[in-house]
Amino acid sequence: MVALLSRLSPVGVQVVLSEASEEPLSVARIPQDLLNRGEHLSFASSGGTVNRESAFRIAASLRNIASQYGFPSESDTQQRGAFDRDASIALAQMEELLSGEALRDDVWACLTTVMAPDVVAWRFPSPSPERFHGGVRNAFQRLWVRGVTLDRGEGNERRWELLGCLKEDAMVQIFERPAIAANAPLARAIAEAWLLVKGRFSKGLRELIFRTAIKMIRLRNEIVDLSALEEDGLQCEVLRVFGNAEEWVEKEL
Amino acid sequence: MRRTTAFPFLVLPDSLVRTGGWMIGERGSPLAPVADILEGWDYQCDLELNVEIEVDFQGAADALEIPSEELRLEAVLKVGTGSGTMPRRIEILDRVVLNSGRAEAKLEATLDSSNLSGRLLIECGIVLGKPAGNAGGISPRWQASRLWSERRDVLIEDGGASRFPIESVSFKRSFPGAPFVAAPWYIDWQPGMWRLDFGGSVRLYVNSDFPGVGERVVEGDPLTLQAILADVMRQMISLAVTSADCDEMLEDLGEGSVGHQVRNWMDLAFPGQSASSIASLAEHRPGRFSAAILSAAEVSMDP
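Those protein sequences? They're chains X and P, same order as listed.
Going by my numbering, 55 is the number at position 55 of the first sequence; the sequence numbering is gapless.
Going by my numbering, 1002 is the number at position 2 of the second sequence; the sequence numbering is gapless.
Note that these hints are calculated values from the structure, not bench results.
Note that beta-carbon positions come from the ideal geometry of N, C-alpha and C, so glycine has one too.
There's no promise every hint is true.
Said to hold, decoys possible - Residues from chain X that keep clear of chain P, each with C-beta distances beyond 12 Å, as calculated:
id : residue
1  : Leu-17
2  : Gly-70
3  : Pro-72
4  : Ser-75
5  : Phe-124
6  : Glu-157
7  : Pro-178
8  : Ile-180
9  : Arg-200
10 : Arg-211
11 : Arg-220
12 : Leu-234
13 : Val-249
Claimed, not checked - Now the stretches of chain P that chain X is said to cover, found in silico as 3 or more residues with beta-carbon under 8 Å:
id : stretch
14 : 1076–1082
15 : 1115–1128
16 : 1139–1149
Isolated chain X, as found in the complex (with noise of 0.2 Å):
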C-alpha cells in the first residue's frame, strides 16, 4: 500500500516563504496556522494511506543525519558534502518514498517547506525560494534523485559509490539535465565511465572534460536513442565519449 504523503502547493511554499522571510527558517517559524488550517496542504485523494506520521519521519531523520555533520551550527563544505551523501544514501532507501508520490514536487515541497526548512537553511546558507519549491533544485528532492539513480542494488558491496566519485558539479551537470536524468541507466553509465576514467585526467581538467562530454552525450542522444542500448553497449557509448571529451579538451588548450 503507497504511504500518501502531504503535499504542499507551489501557492503554499510562497506563503511560508514570505511569513519567514525576515529571519532563518525554523520549524518554529512555520506559521502553524497554515499546518492547522491545511491551507495548500493535501493529499492524493485515494490509492494508499494518508500517513500524516511519514513525513515527520522523514524529517527526522534527515535532522538526525545533519546533525552528525555539525547542525544546526554552522558547517563548512566538506559537512555539507557529507550530509549530501548520506541524505542520498537514506532518502534512497526510505519505504516511503518508493513509489510515484516521490516524483511529485509538491510532496518534495512540503517535506522542505514545512517539514525541515531549518535543516535547508543549514545546507544552504540563505537559501533561494527554488531550494524549497519542488523540482531538480529541491533541497532534498536532488539527492533522493541521486541516491535512486545511482544505487548500484542491494547486495552489492559497494552500493554507492558513485554518488562520492562525482562532485557537486558533476552531479548538476547530470541531474539538471532532464533527458539524462530522466534515464537512470545513462546517468548511472555516465558515473561509472567517469569512475573508470577520471584518474587519468589531471585534476584541473577533469571539470572541464566531464562538461564537455556531457555535452557531447546529450547531442548523440537526439539522433540515438542511448536507452535503448544494453548495458554494456551503452557503457562502450560514454566511454567512447569521454575519450572524445578528453580529445577536444586538449586540442582546445
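Given the structure of chain X, go ahead and fit chain P onto it with the hints provided.
Okay, now just chain P, sitting in the frame of chain X:
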C-alpha cells in the same frame, strides 16, 4: 515523428509506419483508446497498454538505402512518468525486432501504478537494430539510431475529473476511543476549507470493521452510495449556508474546490434557492431538507 532534430542520416517518413491505435486501461479490464486524460487512475489501479505497429518494410529499406535483407529495425515502447516537459523517469518496457520476415508487432506493457505519478508519456519508436554492411552514404550506421517515433501524453492525476477520496480502514485501530468507532463510515474534512481542492481535502473513511459496508461501496451498491453521498452533502451544505456571506463566497471559488462542489450540490438539491432560504429550510423543516439532499444524491449518481 517530431522533426525538431536535424538528423545527419536518413530516417523513416511517417507514411511508412502505421500504428493501429494506442490502447490503455485497468489491468484485467477491456482497454480503451488512449485519450488526453485517463479517468479513474490511482496508485492501486495497475494499467495495461499496447500499441500495434506495422512498417512498410521494403519502403523502409528504400528510404534508408539499406538492402531489405540486411535491414534490422527495433520497435521500442517507452513510458515516462512524472510532471514536467520531460517526465522525471522514462523506461523502455517492451521491444520487438522487425525484419523482412516480420514487419509488424504489438508492443505492450503492464504498469505498476504505485510507481506512476501525475502523467504518462507513452512513446513508440523505431530505431536501427543493427548496423548494415551495405548501407548507403547517408544511411543510419549506429545501433539505436532514431528513425521514427510517435508519442502520447496522458494526464492521470491533477486535472482529471475529481474522484471521491475513499479509504477503507479499521476504525478500532485507526480511531481507538473515538465516539464514532462503530460508525459504518466517517467523512474527514475541516470546515472553512472551501478554497481547497476537493479531492485532496475531503476523505471518506469506510469502516472495515463494519461487515459488508466496504464491499457495498466497492460494488457500487446504489443505496449505500446514496446514503454516504447524502451524508457528505448534508454536512457541507448545512455548514456552508450558515456563513453570513455564503452565496458570495461560493461564487468566488474555482472548479475543483470544496466550495465549488458544495455550490453544485446546493443547486442540485435546492435549485434556485439562496443560501439563506436553504438555511431556513434546514432550521424549520429539517426532514424536508434532508430528504431533498437524499434525493439529489440519487440524481448525482446517474451516469
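Against the structure, the hints come out as follows:
Its beta-carbon lying about 20 Å from the closest one in chain P, Leu-17/X satisfies the requirement of being farther than 12 Å from that chain. Remark: the non-interface label on Gly-70/X is consistent with the geometry, its nearest Cβ contact in chain P lying 32 Å away (cut-off 12 Å). With a least beta-carbon separation of about 31 Å from chain P, Pro-72/X lies farther than 12 Å from that chain, consistent with its non-interface assignment. Here Ser-75/X stays apart from chain P, with its beta-carbon at least about 29 Å from theirs, past the 12 Å limit.
For Phe-124/X, the shortest C-beta to C-beta distance to chain P comes to about 22 Å, beyond the 12 Å cut-off, and the non-interface label holds. With a minimum CB-CB distance of about 26 Å to chain P, Glu-157/X clears the 12 Å threshold, and the non-interface call stands. Not every CB of chain P is more than 12 Å from the CB of Pro-178/X (nearest about 4 Å), against its label as outside the interface. The claim that Ile-180/X is not at the interface with chain P is violated, since a C-beta of that chain comes within 12 Å of its own (minimum 10 Å).
Non-interface call for Arg-200/X relative to chain P: holds, since the shortest CB-CB distance, roughly 26 Å, exceeds 12 Å. The beta carbon of Arg-211/X is kept farther than 12 Å from every beta carbon of chain P, the shortest such distance being approximately 20 Å. At the 12 Å boundary, the C-beta of Arg-220/X falls inside the reach of chain P, the nearest C-beta of that chain being 9 Å off. Separation of Leu-234/X from chain P is inadequate, the least Cβ-Cβ distance of about 9 Å not exceeding the 12 Å criterion.
The Cβ of Val-249/X lies farther than 12 Å from every Cβ of chain P, with a closest approach of about 23 Å, so its non-interface assignment holds. A count of 5 residues in the stretch 1076–1082 of chain P with a Cβ less than 8 Å from any Cβ of chain X is obtained; the coverage claim is therefore met, three being the minimum. For the stretch 1115–1128 of chain P, the proposed coverage by chain X is satisfied: 6 residues have a C-beta within less than 8 Å of a C-beta in that chain, meeting the threshold of three. Here's how the stretch 1139–1149 of chain P fares: 5 of its residues keep a CB closer than 8 Å to some CB of chain X, so the rule of at least three is met and the hint holds.
The structure fails hints 7, 8, 11, 12 (numbered hints given earlier, in ascending order).
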